[in-house]
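Since the structure of chain A is provided, determine the placement of chain B on it from the hints.
2 protein chains.
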Amino acid sequence: MTPLDEKILSSEPVYLGRLVKLYVETVELPDGNRSIREIVRHPGAVAMVPLLAGGEVVLVRQFRGAADRVLLEIPAGTLEAGEDPLAAAGRELQEEAGYRPGKLDRLGGEFTAPGYTSEFIHLFLATELEPSRLARDADEFLEVVTLPLDEALRQIETGEIQDGKTIIGLLLAARKMRR
Amino acid sequence: MTPLDEKILSSEPVYLGRLVKLYVETVELPDGNRSIREIVRHPGAVAMVPLLAGGEVVLVRQFRGAADRVLLEIPAGTLEAGEDPLAAAGRELQEEAGYRPGKLDRLGGEFTAPGYTSEFIHLFLATELEPSRLARDADEFLEVVTLPLDEALRQIETGEIQDGKTIIGLLLAARKMRR
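In order, the protein sequences belong to chains A and B.
One rule links them: number in our numbering = place in the first sequence (from 1) + 3.
One rule links them: number in our numbering = place in the second sequence (from 1) + 3.
Chain A extracted, bound-state conformation:
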């Protein structure tokens, strides 16, 4: 243990759902006192910045009930149990955006909200895209939107793009392009 570590004394599942599994944990703090942590255990996800040869990115618009609005996002998906992130990235890109990537380069990754969820998103730059569509989940309704990367970056500055993984993916892709 480092001097910042907490020790889990007990972990109680309070809800085991389809996507969200919530645990209430009693922890021992670095000073020996106890506290309660509410933690969502999540299988992780992948998100892809699909870049066409002409410098456009392929995004998806979808209604997000949690945010109570339609958001413009990079294609993404939850990892299935034991699934390799690279394989998931190829599958999800075909399901959501209708492209198969010839090349997937790792852009990095993020813990989305480490104060209460274990979710880690693996981010990829997807290039050499070929049209190829796989069926979406039955409850997924998306619109595919193609934008110049510079216009997508502008929509981050104006606050039109508000999804965290999308902001990170686009900004990291823009930095990679400049190098």
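Quick caveat, the hints were computed from the structure, so don't treat them as lab data.
All of these numbers come straight from a predicted model, not from anything done at the bench.
Note that CB positions come from ideal geometry on N, CA and C, so glycine has one too.
Take every hint as true, because none was put in to throw you off.
Computed beta-carbon distance windows for the label pairs:
1) Gly162/A x Pro33/B: 22 to 28 Å
2) Gly57/B x Glu143/A: 44 to 50 Å
3) Val73/B x Glu86/A: 23 to 29 Å
4) Pro151/A x Asp71/B: 36 to 42 Å
Chain B alone, transformed into the frame defined by chain A:
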């Protein structure tokens, strides 16, 4: 309703915790079918990129049980009910980093994981910093770390910095500096 919107038919609280409030909602999809959505309702948060006159950023290291590791993050905090994000940013910066900002500029914001949480983080650039410390929550254990902004950006590229709001805040601050 746009053609992408979902309609909430029922919303059942399954856990009402200190930070995490989890609801299971039955929704009507755009095609008229029904689905279940598991949604964390969160009060929102603020996060600040505190920039010293010499070009260094003030970060905090803390153990995150959900990520099972110590993460390096920008100072942040959950909004209290009805709290103004600007006021919260000033308070949290004094609690977590020990500085009062003379100036807070909006950098943007992010939905952290809109597939299942309502959390929106308001991001600020904090400058004209004066030492000023407010007491932290009893279960908060942090180390304050000061780094040149360029070094923090390098730690995003290498994957050492993995927290989503921190990656967004630092990349947006770097873009703002360049303009």
